[in-house]
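Please take these sequences and the hints and turn them into a complete structure.
2 protein chains.
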Amino acid sequence: MAKIGILLSGCGVKDGSEIHEAVLTMLALDRLGVERLCLAPNVAQSDVVNHFTGESASASRNVLVESARIARGEISDLAKVSASDMDALILPGGFGAAKNLCDFAVAGVRTEVYPEVSRLLWEMHEAKKPIGAICIAPVVIARVFGGLRPKVTIGNDLATAKILESFGAQHQECPVDDIVVDQENRLVTTPAYMLGPGLREIASGIEKLVHQIVAMAA
Amino acid sequence: MAKIGILLSGCGVKDGSEIHEAVLTMLALDRLGVERLCLAPNVAQSDVVNHFTGESASASRNVLVESARIARGEISDLAKVSASDMDALILPGGFGAAKNLCDFAVAGVRTEVYPEVSRLLWEMHEAKKPIGAICIAPVVIARVFGGLRPKVTIGNDLATAKILESFGAQHQECPVDDIVVDQENRLVTTPAYMLGPGLREIASGIEKLVHQIVAMAA
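Order-wise, the sequence lines are chains A and B.
For what it's worth, the working numbering labels the leading residue of the first sequence as 1, then goes sequentially.
For what it's worth, the working numbering labels the leading residue of the second sequence as 219, then goes sequentially.
Hints were generated in silico from the structure; no laboratory data involved.
It is possible that some hints are incorrect.
EDC-like, lysine to aspartate or glutamate: derived pairs with alpha carbons at most 20 angstroms apart [as the list claims (entries may be wrong)]:
id	chain 1	residue 1	chain 2	residue 2
1	B	Lys-426	A	Asp-30
2	A	Lys-3	A	Glu-35
3	A	Lys-208	A	Asp-177
4	A	Lys-162	A	Asp-103
5	A	Lys-208	B	Asp-248
6	A	Lys-208	A	Glu-35
If you only want the chain B side, here are some residues facing chain A, beta carbon under 8 angstroms, derived [claimed, not checked]:
id	residue
7	Cys-229
8	Leu-245
9	Asn-268
10	His-269
11	Arg-287
12	Gly-291
13	Leu-417
We put the CB at the ideal spot given by N, CA and C, even for glycine.
In structure tokens, the structure reads:
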């Protein structure tokens, strides 16, 4: 039976993992009877945002500790996990992917992906294990694998797509209920809340992504 | 078109709303094309639990602000909402229901439901609008409506069921993928993570609850 990693980046769309995307990923995996392995970097969050007001809060929170809320405590420190622990890896979206897995949210074309994240992604690639990325998370794989000319989608946001292309990626427009598959690089992406509008539409795209990832991992 | 309230109690199973239960409730509503109105009390959380270690943390957090993470910022202060704003109300589970909507987690048979929560529940009852409760949240409606002899389930946990009966409720055992309907009092309950074991099973029960609530609200 396959075991699929889910790389979380906090808990909440504005400073962590997008909660709906993460839960719908878990639901789709569970419905296929596939085991999950949640993981997150054990580092301070880039920032904390009050999700009621939308304003920045002065608090400090830890990415692994907050991600554990979505995972109900069943989560591992990214630093202790390697590609040999899983058959595929999925990155849900949310600003956490652009703030806590890399610095895209502030650095744009100069984005650097944080070393532990980059390390696991290269291990997955070298083991020919598939990687899925949802919503804004394709920026992470576009930056890491830019030299391989990866084919990815973040929906139809042309400004963001241009930055992905500056990394070397090939951006492909895609509706919310569909996926883009890069067979050569074993990557699958779907726009989710980059397009919205709601849970049922993002669930369709995420289900397709999960089915494709599980099929490729088999 | 119906509008269904979702009363949240924070963000995370150990000190707030159970995230999977809340998101699956939203998904089921969205798939029926039903609008949602998320709300939460604007009060300090009873406590903050580190979900990675399971230990109590010294931090202080606000229930409305943390609930806004699940609601993606689209949420109202419970104090500003009345039964006239919605056609039905659903309470997801998580320890937040037993800590931030009432004091069940510490008070047991002496449970008091917090006034704003009790106020909205009585308004719903008087307007004959249905109320759903998931997982441990039936303790709240059992305590408020005990005098009406409400029929509810929290799965098969006999110790907790005994406390519900001390409030006046009639407890009915129920599997995770099913619901208990109290037609007279217009209440619907499902055990979800009181029984588990995973997302696909709790999704079945929550979908049934949402369908039943929407049918009763029509």
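Quick rundown of the hints versus the structure:
no. : hint                  : verdict
1   : B:Lys-426 x A:Asp-30  : 18 angstroms, holds
2   : A:Lys-3 x A:Glu-35    : 5 angstroms, holds
3   : A:Lys-208 x A:Asp-177 : 8 angstroms, holds
4   : A:Lys-162 x A:Asp-103 : 17 angstroms, holds
5   : A:Lys-208 x B:Asp-248 : 18 angstroms, holds
6   : A:Lys-208 x A:Glu-35  : 17 angstroms, holds
7   : Cys-229               : 6 angstroms, holds
8   : Leu-245               : 5 angstroms, holds
9   : Asn-268               : 6 angstroms, holds
10  : His-269               : 4 angstroms, holds
11  : Arg-287               : 4 angstroms, holds
12  : Gly-291               : 5 angstroms, holds
13  : Leu-417               : 4 angstroms, holds
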